[in-house]
Amino acid sequence: MTAPFHEPADEVRICGACCTRLVGFGVTIGGHRLLRDIHLHLHCGEMLAVIGPNGAGKTTLLRAILGEIPHTGQLTFTPFRAGSRRPRIGYVPQRLDLDRSAPATVLDLFAAALTRRPLWLGISRSVRTAAEGAFRRLSAPVMLDDRLGQLSGGQLQLVLLALALAPRPDILLLDEPMSGVDESGISRFYEAISKLRREYDLAILMVSHDLDAAASVADRMALLGKGTILREGSPREVLNDPATRSLLGYRAEVRAWPAIPKETRSPHSAESGGPEKRKQ
Amino acid sequence: MNAWLSTVGGSWWSYAFMRHALMAVMLVSPLFALIGGLAINHRMAFYADAIGHAALTGVAIGVLLGLPNPASAILAFSVLLAVLITVFRWKSAAPTDAVIGLTMSIAVAAGLVILSRGGQFGRYMPLLIGDILTLTTADLVLLAVLGLLTFLTALCFFNAVFLTTLNSSLALSRGIPVRSLELGFAVFVAAVVALCIPWLGLLVVNALLILPAAAARNVARSAGAYFLLSVLFGWTAGLIGLWASFRFDTAAGPTLVLAGGLLYLLTLLIRALRA
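Residue numbers (this note's numbering), protein chains in the order written: chain D, 1 to 280; chain X, 281 to 555.
Chain D with its partners taken away, still in its complex shape (with noise of 0.2 Å):
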């Protein structure tokens, strides 16, 4: 059995208008190169799978991106019709380092990361609209008032999704959104990033060590290896590229899960989302 490999030029029309680019990217610590000549493109709409061996830089990226860690060469949006400038990131941890009696309500954590008003002074509705509506984007249950402790893995997952949607940002970043969370949290996660792709044109660059999942729902995927990129292109050409099967050991037959419903790849992301719908 292979795995649900598809190539994006038939099946998810990206748009093109706007992109996000790494130039000559790099990463240096203490004199040591961690990353080094990272050149990757990331149209709106577009999902970009990172892989690579443990250790081969993949969160130093992400930490790079974020702004967490300084970087060499450049890192820019171009929006439609307008001038290049450092993208707007919507970032989804890999995991919350939480203590399950943690006092602090999903709604919390939105109204602190979207107001300044302090917790304590009472959170405003306006800030109940806007997370309901962050749920709804992504049809996943309204969990406003549950405490962030209590929460799965997976229901975490998609709070902190939700919670990266508001405000729109112009590039998703996923840290192994998979890990932690059992199989059911892991497929509606995907349905979710699904229809975000397919309504909202959002570019996304996912970290992942779960090939089989990496390879059923992104349209790229680029090998990072020894500090830099090492191969990319489909998600067909990168895991039967010799170069993967040696630094990751990876057999090609994999399994055909999760199972992403063909139907919601469905190609409409070019009409719902033209150039001229996100200039608002």
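One or more hints might be untrue.
To be verified - Some chain X residues flagged as far from chain D (calculated, every beta-carbon gap over 10 Å): (1) Val363; (2) Gly398; (3) Ala531.
To be verified - What the simulated footprint calls covered on chain X by chain D, stretch by stretch (three residues with Cβ under 8 Å from a Cβ of chain D suffice, anywhere in the stretch; the number is not a length): (4) 432 to 439; (5) 462 to 470; (6) 506 to 519.
Since the hints were derived computationally from the structure, they do not count as laboratory data.
Since the model is a prediction, treat every value here as computed from it, not as a measurement.
Where is the CB? At the ideal position from N, CA and C, for every residue including glycine.
Given chain D, work out where chain X should sit, using these hints.
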């Protein structure tokens, strides 16, 4: 209120020093609730304790410099230590609690060595122990000012610090200057602890900073309730503690801390019953 307190607690309310002590607790509880809650979120309870202990070195430096009042030396040293610990935490791979522990040991030892030279150590102890029963009206005004400053600072930064304590990368992705905020918060906690120690004493400062917030954490569901319950528990511990210390003729500060400890056990029980 006056009559009620008199009937409940006997004549304790008629003493100005008891009224001052109670007012001090009323003033610092909201201030400590703001800082304490965030400090626990950020796993900084031990840090606050270490800063408190290091006040000893502040006193010693004040003595060496021949300052008439050690309060400014305590403040300056605590802020310096806060910056050092925070930067060391960022740069060093060592576990945070180890960094704090070793910094505290060195600071306390240095303070003791300097102060014990010539056998004068006993003279400086009151500065560290403080006494909540010796507060003057002027002290209360200063506490109120400190409380107001904290409130205003929290108006601007509370949510950003809250988000940073949940996940710093997430906070960063939302444009929050995480590093500056972490440093600012660490310095703020250190300054508040240092300023309160000569008035309230090491034991009371650290206990009132952490105990009410820890108790509130057991029962609160939301961030808002966390803060409000912390304030309420601080006040309750103060009221019960001061009354009990008068009634049973015990030291006010430690009795107050024990009252807070009892409240904590109670909330633990409530939490267990809920589960």
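Evaluated hints:
no. : hint       : result
1   : Val363     : holds (21 Å)
2   : Gly398     : holds (46 Å)
3   : Ala531     : holds (32 Å)
4   : 432 to 439 : holds (count 5)
5   : 462 to 470 : violated (count 0)
6   : 506 to 519 : holds (count 3)
Comparing the model with each earlier hint shows a violation of hint 5 alone; every other hint is respected.
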